[in-house]
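Enquirer: Chain by chain, the residues run as shown.
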Amino acid sequence: MIERPPSAELAPDQQDSDSLPDYDTLDAILMRYIEGDMSAEAIIAAGFERDDVYKVVKLVDRCEYKRRQAPVGVRVTPRGFGRDRRYPIVNGWQPGE
Amino acid sequence: MQDLTLVMAQLDPLVGDIPGNAARAIEAVREARIEHGADIVVFPELFLSGYPPEDLLLRPSMETRLREARAVMAEKVSRDVLVIIGYPGVREGVCYNLAGILYNGQWEAEYAKQALPNYQVFDEQRYFAPGQQALVYEHKGARLGLLICEDLWEGTPVKAACAAGAEVLITLNASPYHQDKPGERLRLLEQRAAEAQRPIVYVNTIGGQDELVFDGGSGCVDASGQLKVLAPYWQAGLMPVQFLQQSADQWVPQPGEIEEDSTAEESLYCALVTGVRDYVNKSGFKGVVIGLSGGIDSALTLAIAVDALGPQRVQAVMMPYHYTADISRQDAAEQAELLGVHYEVMPIEPMVEAFMGTLAESFEGTERDTTEENLQSRCRGVLLMAISNKKGLMVLTTGNKSEMAVGYATLYGDMVGGITRLRMSIRPGFIVWHAGVTANLWPCPNG
Numbered sequence: 002m003i004e005r006p007p008s009a010e011l012a013p014d015q016q017d018s019d020s021l022p023d024y025d026t027l028d029a030i031l032m033r034y035i036e037g038d039m040s041a042e043a044i045i046a047a048g049f050e051r052d053d054v055y056k057v058v059k060l061v062d063r064c065e066y067k068r069r070q071a072p073v074g075v076r077v078t079p080r081g082f083g084r085d086r087r088y089p090i091v092n093g094w095q096p097g098e
Numbered sequence: 036m037q038d039l040t041l042v043m044a045q046l047d048p049l050v051g052d053i054p055g056n057a058a059r060a061i062e063a064v065r066e067a068r069i070e071h072g073a074d075i076v077v078f079p080e081l082f083l084s085g086y087p088p089e090d091l092l093l094r095p096s097m098e099t100r101l102r103e104a105r106a107v108m109a110e111k112v113s114r115d116v117l118v119i120i121g122y123p124g125v126r127e128g129v130c131y132n133l134a135g136i137l138y139n140g141q142w143e144a145e146y147a148k149q150a151l152p153n154y155q156v157f158d159e160q161r162y163f164a165p166g167q168q169a170l171v172y173e174h175k176g177a178r179l180g181l182l183i184c185e186d187l188w189e190g191t192p193v194k195a196a197c198a199a200g201a202e203v204l205i206t207l208n209a210s211p212y213h214q215d216k217p218g219e220r221l222r223l224l225e226q227r228a229a230e231a232q233r234p235i236v237y238v239n240t241i242g243g244q245d246e247l248v249f250d251g252g253s254g255c256v257d258a259s260g261q262l263k264v265l266a267p268y269w270q271a272g273l274m275p276v277q278f279l280q281q282s283a284d285q286w287v288p289q290p291g292e293i294e295e296d297s298t299a300e301e302s303l304y305c306a307l308v309t310g311v312r313d314y315v316n317k318s319g320f321k322g323v324v325i326g327l328s329g330g331i332d333s334a335l336t337l338a339i340a341v342d343a344l345g346p347q348r349v350q351a352v353m354m355p356y357h358y359t360a361d362i363s364r365q366d367a368a369e370q371a372e373l374l375g376v377h378y379e380v381m382p383i384e385p386m387v388e389a390f391m392g393t394l395a396e397s398f399e400g401t402e403r404d405t406t407e408e409n410l411q412s413r414c415r416g417v418l419l420m421a422i423s424n425k426k427g428l429m430v431l432t433t434g435n436k437s438e439m440a441v442g443y444a445t446l447y448g449d450m451v452g453g454i455t456r457l458r459m460s461i462r463p464g465f466i467v468w469h470a471g472v473t474a475n476l477w478p479c480p481n482g
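Protein chains in written order, with the numbering used here: chain A, 2 to 98; chain B, 36 to 482.
Okay, chain A solo, but in the shape it has when bound:
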């Protein structure tokens, strides 16, 4: 189970990495964007692929409405979703610099 590539198993031969960067890259970008409040350009400057960064950042921004409807979760980092990170759902902020 631990060695198998992550899959939502919702389509034939589907793997999470088909639609997302691999988890190591994804988490590294998320850590910088969410926990570190870094901009997309700053994350790219730190050595990540432009396409990966913009893909991830746009996904994060786009689904604020979803997180707002999600069940409460246990906070174990200094920047949990919930009381720790309060973002507008509708907004015209551009991720860029």
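Treat each hint with caution, since some may be false.
Derived coverage of chain A by chain B (criterion: at least 3 residues anywhere in the stretch with Cβ under 8 Å from a Cβ of chain B; other residues may be distant) [to be verified]:
hint : region
1    : 5 to 18
2    : 38 to 51
3    : 88 to 96
Under 10 Å between C-beta atoms, here's a sample of chain B residues computed to sit facing chain A [to be verified]:
hint : residue
4    : Pro211
5    : Gln214
6    : Ser302
7    : Val311
8    : Met386
9    : Met391
10   : Gly392
11   : Thr393
12   : Asn409
13   : Gly434
14   : Lys436
15   : Tyr443
16   : Val451
In silico lysine-lysine, DSBU-like type, Cα no more than 30 Å apart, as pairs [said to hold, decoys possible]:
hint : chain 1 : residue 1 : chain 2 : residue 2
17   : B       : Lys111    : B       : Lys175
18   : B       : Lys317    : A       : Lys67
19   : B       : Lys111    : A       : Lys67
20   : B       : Lys425    : A       : Lys67
21   : A       : Lys67     : B       : Lys175
The hints are simulated quantities; they were obtained by calculation from the structure and are not laboratory data.
Being a predicted model, the structure only gives us computed values, none of them experimental.
All C-beta atoms, glycine included, are put in the ideal place defined by N, C-alpha and C.
Could you slot chain B onto chain A? The hints should help.
Expert: Showing chain B alone in chain A's frame:
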């Protein structure tokens, strides 16, 4: 020369249950007196209301209930023991975060928290006005300086208490856990004690409250900043500190029990177990139901649930479809058997086909896309919610924080549920690797 026994009451209040929290305090003082011969018992910040009480503080009856509870405490708390306890209070029309001192049936004094945190999860300035002065209270010859949580982090109130003549600093806290917090807290204590050249007693809350978990770790450092006593993390209880008077104004904490260091992984796992356990128990659910996919996230969720609630209170459901691999079915069954939970298999084919049949005309000429994928997830969500309704079990959501960050989750599908255990941990590699397979890897004291 005399000595003084102070007991740190590292306990778990229930937010809003003011009479219940007062009863817990009365019982704790009685026990501290009998078991440890306490001269002083110190409770955490806002113990009577629980922390954080949030907008309950805006209810006018909050103050009435607190006054009633404090009257009951004055009547029933053991005699000859000084009690220091946190509660909110409206004084001359202004709400403060207070530490009250009760002795022999009289509320003797109140200290108002001066530094009010308004960052991260804290928004105390929404509710409280800051106190303006230090409070030093003399008991059995010891001059006790009171502080509340952020006062210690901010630092200025520490100096004010020392300037007002405090010989021993006592802090009441509701300091929530996050990764690396226990270490940060100990370093702060050591630093502040060394700066102030006074011993510091630090009493923290324990237990889960909504998304927050309090890890305890109450302790005492001496005037040089050396740790003398450290209560266990993740475990409610009373922990004594013995003070010896070395000269007229010098009280020295004697070496006592010091909890062993736990690893970052142990702490994180205990945080998740505590958060799930208290959320489910304090809300009065019989147990939880988990959709088991055979994958790592639901396996870890299952392990946490079993450690939090015991196998009898956990039910697992496998809901396979065409795309579910055989090995996923096998792994799910094996996980459930290994952890001893009730396990059912409910294929979702008939449900998905029924929906697709109804939608066929409307969807004519369209390509397959995430709509069909989400439909599978939503069928599973409906089944889980039905089990939840019928059996009084909370749905424990299995997604991780990375998925929630990028929206790799389905509304009304795999996002249904009362609480999600991994929402706040960005898929932490080590815990997924280490904890995903079996439960009871780390013994959590209250698990």
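Enquirer: State for each hint whether it applies.
Expert: Against the structure, the hints come out as follows:
Check result for the region 5 to 18 of chain A against chain B: holds, 10 residues qualifying (beta carbon to beta carbon below 8 Å, three or more required). Given a C-beta distance limit of less than 8 Å, the hint that chain B covers the region 38 to 51 of chain A is violated, as 0 residues qualify and 3 are needed. Residues of the region 88 to 96 of chain A lying with their CB closer than 8 Å to a CB of chain B number 0, which falls below the three-residue condition for coverage. A cut of 10 Å between beta carbons decides the hint on B:Pro211: the least distance to chain A is about 7 Å, and the hint holds.
Below 10 Å, beta-carbon pairs count as interface contacts, and B:Gln214 has one with chain A at about 6 Å; its hint therefore holds. At about 9 Å, the closest approach between the beta carbon of B:Ser302 and any beta carbon in chain A falls short of 10 Å, and the interface hint on this residue holds. Proximity of B:Val311 to chain A holds as hinted, the smallest CB-CB distance being about 7 Å (cut-off 10 Å). Annotation: interface hint on B:Met386 violated; nearest CB of chain A at approximately 14 Å, more than 10 Å.
With its C-beta approaching chain A no nearer than about 14 Å, B:Met391 sits outside the 10 Å limit, and its interface hint is violated. For B:Gly392, the interface hint is violated, since its Cβ never comes within 10 Å of a Cβ in chain A; the closest pair sits about 19 Å apart. For B:Thr393, the interface hint is violated, the least distance from its beta-carbon to any beta-carbon of chain A being 20 Å, above 10 Å. Below 10 Å, beta-carbon pairs count as interface contacts, and B:Asn409 has one with chain A at about 8 Å; its hint therefore holds.
Interface hint status for B:Gly434: upheld, as the beta-carbon distance to the closest one in chain A is roughly 8 Å, under 10 Å. With 10 Å as the threshold, the beta carbon of B:Lys436 comes within range of chain A, its nearest partner Cβ sitting at about 7 Å, so the hint holds. The closest approach between the C-beta of B:Tyr443 and any C-beta of chain A is roughly 6 Å, which is under the 10 Å cut-off, so the hint is satisfied. Below 10 Å, beta-carbon pairs count as interface contacts, and B:Val451 has one with chain A at about 8 Å; its hint therefore holds.
Proposed proximity of B:Lys111 and B:Lys175 is supported: the alpha carbons are some 22 Å apart, at most 30 Å. A C-alpha spacing of about 26 Å is found between B:Lys317 and A:Lys67, which places the hinted pair at or below 30 Å, so the restraint holds. Distance check on the hinted pair: B:Lys111 and A:Lys67 sit about 49 Å apart at the alpha-carbon level, beyond 30 Å; violated. A hinted pair counts as satisfied when its Cα atoms are at most 30 Å apart, and B:Lys425 with A:Lys67 qualifies at roughly 27 Å.
Pair hint A:Lys67 plus B:Lys175 does not hold up; C-alpha atoms about 57 Å apart against a cutoff of 30 Å.
The structure does not agree with the numbered hints 2, 3, 8, 9, 10, 11, 19, 21 stated previously, though it agrees with the rest.
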